[in-house]
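*Asks:* Since the structure of chain A is already known, use the hints to place chain B on it.
First to last, the protein sequences are chains A and B. The numbering of the first sequence is our numbering, which starts it at 1 and goes up by one. The numbering of the second sequence is our numbering, which starts it at 1 and goes up by one.
Calculated directly from the structure, the hints in this document are not laboratory data. Incorrect hints may have been included.
To be verified - Calculated Cβ distances over 12 Å to all of chain A for the following chain B residues:
no. : residue
1   : G25
2   : S30
3   : G38
4   : Y45
5   : D129
6   : N182
7   : I190
8   : N214
9   : L260
10  : Y282
Stated by the list, open to error - Computed list of lysine-lysine pairs in DSBU-like fashion (alpha-carbon distance at most 35 Å, straight line):
no. : chain 1 : residue 1 : chain 2 : residue 2
11  : A       : K133      : B       : K221
12  : A       : K148      : B       : K218
13  : B       : K133      : B       : K221
14  : A       : K251      : A       : K187
15  : B       : K136      : B       : K249
16  : B       : K221      : A       : K204
17  : B       : K67       : B       : K251
18  : B       : K116      : B       : K221
19  : A       : K257      : A       : K116
20  : B       : K221      : A       : K60
21  : A       : K249      : B       : K221
22  : A       : K187      : B       : K249
23  : B       : K249      : A       : K221
24  : A       : K249      : A       : K187
25  : A       : K221      : B       : K118
Just so it is clear, the structure is predicted and the values come from calculations on it, not from any experiment. Just so it is clear, CB atoms sit at the ideal spot from N, CA and C, and this is done for glycine as well.
There are 2 protein chains.
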Amino acid sequence: MKQSDDGLYMPSFQLNQVIRSASVGKVVASANPAFEVGDIVSGFYQVSEYAIVPGGGLRKIDTSVAKPSDYLGLLGMPALTAWSGFTIVGEPNPGDEVFVSAAAGSVGMLVGQLAKIKGCRVVGSAGSDQKVKLLKEEFGFDDAFNYKSETDWDAALARYFPRGIDIYFDNVGGRMLEAVLNNINMKARIPLCGMISQYNQEWKQRFGVRNLLNLVGKCVKMEGFMCGQYLHRMGEFLEEMTGYIKEGKLKYKEDVKEGLDSFLEAFNSMFSGDNLGKPVIYLGPPQ
Amino acid sequence: MKQSDDGLYMPSFQLNQVIRSASVGKVVASANPAFEVGDIVSGFYQVSEYAIVPGGGLRKIDTSVAKPSDYLGLLGMPALTAWSGFTIVGEPNPGDEVFVSAAAGSVGMLVGQLAKIKGCRVVGSAGSDQKVKLLKEEFGFDDAFNYKSETDWDAALARYFPRGIDIYFDNVGGRMLEAVLNNINMKARIPLCGMISQYNQEWKQRFGVRNLLNLVGKCVKMEGFMCGQYLHRMGEFLEEMTGYIKEGKLKYKEDVKEGLDSFLEAFNSMFSGDNLGKPVIYLGPPQ
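Excised from the complex, chain A in its bound form:
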């Protein structure tokens, strides 16, 4: 993965450059014998109605298991992120107390469902009552809360986790991470997936976490990861996840917009929290 200097895992967008994104598409012309017209493919390429993409950057997808856009979410990068971060970095045990922030996001909603599948108790935080309802009623979270309605996150976590937190799947960083560290259990694991509260500032302006000493006294592991580290386990990942899909154990929610002009709104919704589910944009003919 490309690495920028400010701790982000993706280079910043540049003015006057084409924006790239995880995408699925249909081959309409091919100069590569590995791909035929009509193939459905996924890759990380430019956001546009038509794109010329080197074959090495594309993968054919199996639409008998899931619909094409599922390869952006339910079986795509967010899912590999949820699966690798939760099961490999998080090392869940049955009975573990699991907290997920940004739980209604494209990764979080899968982490919660994986936690239930692994026999854990899971609570999620999200930024609207509608998302909280979704977590509890659609995705089977044991509980969930709207972080915008809670004035004291330390106290909220103490209330939702009377037995403390064993795994914190961190999507937000900052003050929520600090609140978690005040409610953390011995030998807890904290997979660091992202810190969306911290992206759009210069590092010296970011929130300083004051209670890292709790990591020492409680022997906690906090580990950053990216799904790109686990590409070699893609086979295992797809087998496990498609198994759950066939058993009806995994649900997913997309927030679908149409047309190239909706990109900015869809992108910004991840920061404002206005999205409900994984933002997906349909380009080309209406579905």
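*Replies:* What follows is chain B alone, placed relative to chain A:
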């Protein structure tokens, strides 16, 4: 290990209570068939010339390998801490770039020597020029610096680690941890041994580390540990360390004081940095 609520791994001293410490002593009377008068033992018990200690809290030590006080340092808790933190949590590879803070301390001086034994390049920080000299000339560190003489730790680490840092053995926390995270390599490991810069404040007054996002972008593992987690590997530890001692590969330095009245000075020296080596107090007859 007992766990206090403020993230410390030892309960705070209480007024009007006897202070306890890692100790070695000679048995002068025994009501336990497992111990005979004259046995040399180690344990964690009260700081006094004579102490009554339950047999379960004591371990006989082998003075043919090392002198009694070595079981407080070179083969004691600091050594198990250095060994388990560096080799198990730190996962060193030959060629790794290793940074140790409080490197002239009872744990740090062993971490640096273990790093050299494992084929790493190691740089230490310490709080006086005398300690820096000790690290380079006695303990074989590749380089060392006096953190009190450096005004910009980010820049200092960039200078000492042009190839970045693969393992940071953290004894101090706070601002130095932040500087390290600005110089950290992909997939680095940070065993959190202690955060001596942060102990004597209420948590909200502690230094807030602002660049934890680097843990995400660089897939870094940061893990708190205590040597008590690794007591089951004591046999392996003793075998490896006594091997190095016999081969002349490990040195140790004690800062010896005499008499009970020197306790306060010896203890405080760990915070002021006035000690040169592991603080040890001889009680009883002069050695």
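*Asks:* Please go over all the hints and tell whether each is borne out by the structure.
*Replies:* Evaluation of the provided hints:
Every beta carbon of chain A lies more than 12 Å from that of G25 of chain B, the smallest distance being close to 28 Å; the non-interface claim holds. For S30 of chain B, the shortest C-beta to C-beta distance to chain A comes to about 35 Å, beyond the 12 Å cut-off, and the non-interface label holds. Look at G38 of chain B: its CB is around 38 Å from the nearest CB on chain A, clear of 12 Å, so calling it non-interface holds up. Look at Y45 of chain B: its CB is around 22 Å from the nearest CB on chain A, clear of 12 Å, so calling it non-interface holds up.
For D129 of chain B, the condition that its CB be more than 12 Å from all CB atoms of chain A holds, with the nearest at approximately 29 Å. At roughly 8 Å, the least C-beta separation between N182 of chain B and chain A is not larger than 12 Å, which violates its mark as non-interface. For I190 of chain B, the shortest C-beta to C-beta distance to chain A comes to about 9 Å, within the 12 Å cut-off, and the non-interface label is violated. For N214 of chain B, the condition that its CB be more than 12 Å from all CB atoms of chain A is violated, with the nearest at approximately 4 Å.
L260 of chain B, annotated as away from the interface, keeps every beta carbon of chain A farther than 12 Å; the closest lies near 29 Å. Separation of Y282 of chain B from chain A is adequate, the least Cβ-Cβ distance of about 30 Å exceeding the 12 Å criterion. Taking the CA atoms of K133 of chain A and K221 of chain B, the gap is near 34 Å; set against the 35 Å cutoff, the hint holds. Of the supplied pair hints, the one linking K148 of chain A and K218 of chain B holds, its CA atoms being roughly 30 Å apart against a limit of 35 Å.
Between K133 of chain B and K221 of chain B the CA atoms are separated by roughly 31 Å; this keeps the pair inside 35 Å, and the hint holds. A distance of roughly 31 Å separates the Cα atoms of K251 of chain A and K187 of chain A; the hinted pair therefore holds under the 35 Å criterion. Note on K136 of chain B and K249 of chain B: the hinted pairing holds, with a Cα-Cα distance of about 15 Å set against a maximum of 35 Å. Between the alpha carbons of K221 of chain B and K204 of chain A the distance comes to roughly 22 Å, so the proposed pair stays at or under 35 Å and holds.
A distance of roughly 13 Å separates the Cα atoms of K67 of chain B and K251 of chain B; the hinted pair therefore holds under the 35 Å criterion. With a C-alpha separation of about 22 Å, the suggested pairing of K116 of chain B with K221 of chain B holds against the 35 Å cut-off. Distance hint between K257 of chain A and K116 of chain A is fulfilled; the C-alpha atoms sit about 30 Å from each other, no more than 35 Å. Restraint check for K221 of chain B and K60 of chain A: satisfied, since their Cα atoms lie roughly 34 Å apart, inside the 35 Å limit.
Between K249 of chain A and K221 of chain B the alpha-carbon distance is near 31 Å, which keeps this suggested pair within the 35 Å criterion. A distance of roughly 33 Å separates the Cα atoms of K187 of chain A and K249 of chain B; the hinted pair therefore holds under the 35 Å criterion. For the hint linking K249 of chain B to K221 of chain A, the alpha-carbon distance of about 31 Å falls within 35 Å, and the restraint holds. Taking the CA atoms of K249 of chain A and K187 of chain A, the gap is near 29 Å; set against the 35 Å cutoff, the hint holds.
Between the alpha carbons of K221 of chain A and K118 of chain B the distance comes to roughly 23 Å, so the proposed pair stays at or under 35 Å and holds.
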